[in-house]
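Visitor: Protein chains in written order, with the working numbering: chain A, 1 to 116; chain B, 1 to 323; chain C, 1 to 638; chain D, 1 to 153.
The hints are simulated quantities; they were obtained by calculation from the structure and are not laboratory data.
Errors might be hidden in some of the hints.
Below 30 Å or equal to it, Euclidean Cα-Cα: the simulated DSSO-like pairs (lysine-lysine) are [claimed, not checked]:
{"#": "1", "chain 1": "C", "residue 1": "Lys380", "chain 2": "B", "residue 2": "Lys72"}
{"#": "2", "chain 1": "B", "residue 1": "Lys72", "chain 2": "C", "residue 2": "Lys373"}
{"#": "3", "chain 1": "B", "residue 1": "Lys72", "chain 2": "C", "residue 2": "Lys379"}
{"#": "4", "chain 1": "B", "residue 1": "Lys72", "chain 2": "C", "residue 2": "Lys464"}
{"#": "5", "chain 1": "B", "residue 1": "Lys43", "chain 2": "B", "residue 2": "Lys239"}
{"#": "6", "chain 1": "B", "residue 1": "Lys62", "chain 2": "C", "residue 2": "Lys379"}
{"#": "7", "chain 1": "C", "residue 1": "Lys380", "chain 2": "C", "residue 2": "Lys464"}
{"#": "8", "chain 1": "B", "residue 1": "Lys72", "chain 2": "B", "residue 2": "Lys58"}
{"#": "9", "chain 1": "B", "residue 1": "Lys239", "chain 2": "B", "residue 2": "Lys36"}
{"#": "10", "chain 1": "B", "residue 1": "Lys296", "chain 2": "C", "residue 2": "Lys373"}
{"#": "11", "chain 1": "C", "residue 1": "Lys598", "chain 2": "B", "residue 2": "Lys302"}
{"#": "12", "chain 1": "B", "residue 1": "Lys239", "chain 2": "B", "residue 2": "Lys62"}
{"#": "13", "chain 1": "C", "residue 1": "Lys598", "chain 2": "B", "residue 2": "Lys296"}
{"#": "14", "chain 1": "B", "residue 1": "Lys72", "chain 2": "C", "residue 2": "Lys458"}
{"#": "15", "chain 1": "C", "residue 1": "Lys379", "chain 2": "B", "residue 2": "Lys239"}
{"#": "16", "chain 1": "B", "residue 1": "Lys239", "chain 2": "B", "residue 2": "Lys40"}
For each label pair, taking beta carbons as the anchor points, the in silico distance ranges come out as [as the list claims (entries may be wrong)]:
{"#": "17", "chain 1": "C", "residue 1": "Ala77", "chain 2": "D", "residue 2": "Phe28", "range": "29 to 37 Å"}
{"#": "18", "chain 1": "A", "residue 1": "Gly53", "chain 2": "D", "residue 2": "His66", "range": "42 to 50 Å"}
{"#": "19", "chain 1": "A", "residue 1": "Phe49", "chain 2": "D", "residue 2": "Val25", "range": "28 to 36 Å"}
{"#": "20", "chain 1": "A", "residue 1": "Phe10", "chain 2": "C", "residue 2": "Leu43", "range": "42 to 50 Å"}
{"#": "21", "chain 1": "A", "residue 1": "Phe10", "chain 2": "D", "residue 2": "Ile109", "range": "37 to 45 Å"}
{"#": "22", "chain 1": "B", "residue 1": "Leu268", "chain 2": "C", "residue 2": "Ala529", "range": "31 to 39 Å"}
All C-beta atoms in this analysis are idealised placements derived from N, C-alpha and C, irrespective of residue type, glycine included.
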Amino acid sequence: MILLNYIASFFLIALGLYTIVTKHNLVKTVIGLSIADYGANLLLISIGFNPGGTAPIYTWTELNPSSFFVDPIPQALTLTSIVIGACVTAMSLALVIKLEEQYGTTDTREIRRLRG
Amino acid sequence: MTIVISALQYLGYVLIFPGFLFCFLAGMLLCGIDRKLVAKMQKRVGPPVLQPFYDFFKLCGKETIVPASASKTTFLMAPLVGLAALVVIQLFIPVFSFSAFSGMADVIVILYLLLIPAMSVILGGAASGSPYAGVGLSREMVTIISCELPLVLVLLAVAKTVGSALGTGLCFSLSDIAAYQAMHGSLITKISMLPAAVAMLLIIPGETGNHPFDAAEAETEICEGLLAEYSGAPLGVYKLSHAIKMLTLTSLFVALFLGGLGTGFVALDGIILFLLCVVLTAVSISFVHAITARLKIEQIFKFYWTLVSGLALISLVLAWYGL
Amino acid sequence: MSPVINALSYQHFPIYAIMVLFLGAFLIAVFGRNRTARNVLALLSITASLAFILALIRPVMLGGEIIAYWLGGRVPAGGYAIGIALEVDALSLFFALIVAVAVFVSGVYSIQYMRHDDNEREYYTLFLMLAGGVMGLVLSGDLFNMFIMVEVLTFAAVALTAFRNTATGALEAAFKYLVVGCIGSTCILVGTAMLYAQAHTLNLAQLAQLLPGNLNTATKVAFALLFVGFGTKAFIVPFHPLAADAHGAAPASISVMISGVLTKSGIYGIIRLTYFLFQTMNLGTMQFLLVFVGSLSMFICVTMALAQHDFKRLLAFHSISQIGYVLTAVGLCTALGVSAGLYHAMNHTLFKGLLFLAAGAVLHETGTTDLGKLGGLSKKMPHTTVLFLIGAFSISGIPPFNGFASKWMVYQATYQKAVESGNIGFLLVTIIALVTSVLTLASFVKVSQSVFFGQLPKELEHVKEVSFGMRLAMGIFALLCILTGLFPGLVTSYITEPAARAVFSVAQYISAMGFDASGVAAESVVSFAHVGVWEPISWLLILCIALLAITIVAVASKYDNVSQRSGEAVDTKYELFYGGEAQEFSQVGGGDLFWGFKHNWRGYFDFMYRLHSGVVNDYALWAVVDLALVMLFSLIVL
Amino acid sequence: MKNNIRVKRVIQRCGCDAILPLCLVYIFYIILHGHLSPGGGFQGGVLMTAVVILMYLGHGYAATTHALSFNRLHGAEGLASTAYVALAMMGVAAGAQFCENILYTHGAIGQLYSSGTIFWMNVTVGLKVITGIGSITLLMLGVLNGQDVDNLK
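Work the whole structure out from these sequences, hints included.
Guide: Okay, structure coming up:
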């Protein structure tokens, strides 16, 4: 079950990279970045998963000797990474808007004033 | 007291031998002999051997005109800095077993110090604002790039040869190279060093900007290029620098390949060094000058990066495998 | 211990150094509407940060102490690190020092330089966030923290690249940088995650304890991911086009940060990764990887720089070329090599900063950095010209400036390595390094001819010297360039050698954090012996004596018998020589100055021009290919 | 897409007004219970997006920017970050490490105020994210409305 997660996460990362490399539309590039980021997040959260584990919160009621937690650290990391992913998306979309204004296109093949 | 004496001694090194005075006299003589030799090879009478001296003193008496578009300070200071740097290089090159300051710099440093006089010409020319200087600058820089690769290879080959003989693996110090040659004879006697020596002979005219590698100064096309706007004493200083550069490079050749011929007496060594320099100048500068026509700049580059570098590389590979 | 004394203990200084920068950023966001408040806050925070870092030199650099600081007092429990740590050894401090100095000077420069821009508040907020991000990265002892800081600094750098978004290419550069930078960041994240899955810790010291000897496929892949991730931050080949775009478009003070500081963070990451986490540097193949990538960066970027037509873009390529030197030297895995590499890293920040600031000064006064449109500025901006020349001589390795001192050590190290290992490949590296150096000189000759010398175009008649604040900032860098060049002995023995020694003492790094370092080989005997000799002070002394003598002789023989046109007096002898033609404006300069060289290499240059296509997909493709290659490499080799 | 049919916005507006308070309460619930249940400053804060968009849908762009000044949000964001650093520095001031939890004396496990500094840190992070996300959303709405976002006040 967890193996599927791993496969899916790497598939997502690969898909994201594929999108970035092959698609010539700025918005699609941004989507590719997001997909790769989601793949990384999925990987992180899968790493912390323990089959049968409870939420890593310390309260009187739920705690008994037989219960165990899922690893909380990857969850914290995932959260951070989601935040960063959201910021990247916001930032890149802002850049896309401005680029579209300046160049009049969203085709990456035409946005190449800096080259050589 | 001893401090004062040693200070005076070092001052003597800087000012008299092997410093300023020696450079001035030997360099100018070398230049005169070169001109005479070329003339003889071309069946001309040629100027007297002392002609460079006459030229220099005449230039010093002339008015120095600074063009209106030039940056005055750079324009006037550049020749002096270049000359001083050349004299210092000469101090670092050992005269056989006698070395004034050779313990302070190694061959890599010499390689870089040689760039300073070139830079001084380039910056001085650039500061004049003349378009001829601009073209000359471009060519001068390409000539420097051209000579750099083979020179590096030659120096590394020597460093490796001496280093493996001394057991330290590599040796960059010029005084160690001189000491090694004093004990084991000149490096040129080694087969592996022969291609490097030939390469070095070919590098000398390129570094000094002599015919046929003088595209940077080409009087007939770009009116001496970088020196187009210079007149009077600064021009004289540049001519002097050029003469000293011939001396420096030939004595670098002596230090690298012909060490061990010294007698131990400094005065005598100086004369031997000068005679060797004359011979080397005759071979590498005058002779080549007399029989060739000026190369185009891209041909210079190609010549150095293929043929000369190839020679030096052969030497380096041979030295690497201990032959 | 009383709280006050505790708060002033140098144990806290690393976190202070990071936090004052962030705090400055936050406060400027609140109070930054007022110009004075903004400038004071920015200056205060960068000065405080610099002071904290300088105060750490004594215990860490000289005393050899390693500061282990657990945030929130969460010390390791049960042999596992459960908290976030800062760990400051000499290596971290060395990079922090570079960062602090560069941030300080860049900040001082910004005050005058950015005066005419709007949104200055955002500028300083982002600037300090960038500084804080790099500072946090180099002082951190936690892999995930490093990732966060990488993101913070990438983010701030992207935003600042696009800051002058009306300038040509700023947005484009920012977008490209964002895309490839984010690929790099994602690589770091995935690599971190995979290492966590294997070792269940994120602490660098503990990872260094657990990883070596327990490598499996996952950790090898993680290595490749982290290497590529930090590679994007250092802009080494194949990420160099991004650096060129970003530097060229960003304001000059930010170019200083990107080239002097951001690239260093990448180098720092690579050193930590190879020497500490995986400890694979003793493998010849690993050395090959670093030296190969370094030499490639060195050479490709210097040739690319020769073909550039824009001042800042040219500088950007040189920046990566010099980073290639650093990486090459560090990759040699000898004490001398690491010391030389770190020395060059420091010098790179200084002279590159100086050059970018000079480019900024030119841009500030003339409004362009196009080499074809400039010329003759030395008469209008004499101080900037002198400062630029100091920077240019430093980067091209002209003695006695600092670039020479470190490059000279790099040559020694590479050649020594070649002799020791008997591998002729390293010899080639020495030759490439030496040739690169002269090519660097060539392109700076081109810049000085095209920008500062030659003839002054009509449009630039009104140009004035830049303000004192900007010259002061450049002067600081220039002074440091000269000092570090003149006293290489002091610099190496007090700054770079402790840092290089720290690189080779992984065991201390691990045990300072309270982990068992018995599995790691103790510090090997480190020798910094040189082969060559170079005494800049004596050289300078002799040069001065010679120069003095010559000047005396020259003055005595009426060298200064100079006539220059004064006032309006018209005499044709003061005009330039045009072979009898009418005088007209003819500036020789611009991008194709050295066509004699380029002509012979036209195939190569055409190929390179086509390769650097400017399409973001291509750059992303390079990143992916690089990732695949490094992954293949690490799977086979490690 | 041109909208040819005139819609009476009263239903939209009423719906938004009904949900908006609930949303805000939910935000604060999540932020304040960050140490007790899943959630915390960030998770609560991002819900601000929903609030801003609800306001926009119900009341239009002008009313939204009137209610939420961009500059004020910006300032509050800086203040929240500063407060976070100050809270973290309290650890040092009390003679311990940076970020150390020094208020951890009150409350039993499961109570609302039971985690000392962490509670306050959650609050500051929440404030920071609310303002940050809020201003990003405002900016995007501004772009959507063809405003000159560069000079948004």
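Visitor: Now tell me, hint by hint, if it's right for this structure.
Guide: Do the hints match the structure? See the list:
no.	hint	verdict
1	C:Lys380 <-> B:Lys72	12 Å, holds
2	B:Lys72 <-> C:Lys373	23 Å, holds
3	B:Lys72 <-> C:Lys379	9 Å, holds
4	B:Lys72 <-> C:Lys464	18 Å, holds
5	B:Lys43 <-> B:Lys239	25 Å, holds
6	B:Lys62 <-> C:Lys379	26 Å, holds
7	C:Lys380 <-> C:Lys464	6 Å, holds
8	B:Lys72 <-> B:Lys58	22 Å, holds
9	B:Lys239 <-> B:Lys36	17 Å, holds
10	B:Lys296 <-> C:Lys373	28 Å, holds
11	C:Lys598 <-> B:Lys302	11 Å, holds
12	B:Lys239 <-> B:Lys62	14 Å, holds
13	C:Lys598 <-> B:Lys296	14 Å, holds
14	B:Lys72 <-> C:Lys458	20 Å, holds
15	C:Lys379 <-> B:Lys239	27 Å, holds
16	B:Lys239 <-> B:Lys40	22 Å, holds
17	C:Ala77 <-> D:Phe28: 29 to 37 Å	34 Å, holds
18	A:Gly53 <-> D:His66: 42 to 50 Å	48 Å, holds
19	A:Phe49 <-> D:Val25: 28 to 36 Å	32 Å, holds
20	A:Phe10 <-> C:Leu43: 42 to 50 Å	48 Å, holds
21	A:Phe10 <-> D:Ile109: 37 to 45 Å	40 Å, holds
22	B:Leu268 <-> C:Ala529: 31 to 39 Å	37 Å, holds
Checked against the numbered hints given earlier, this structure breaks none of them.
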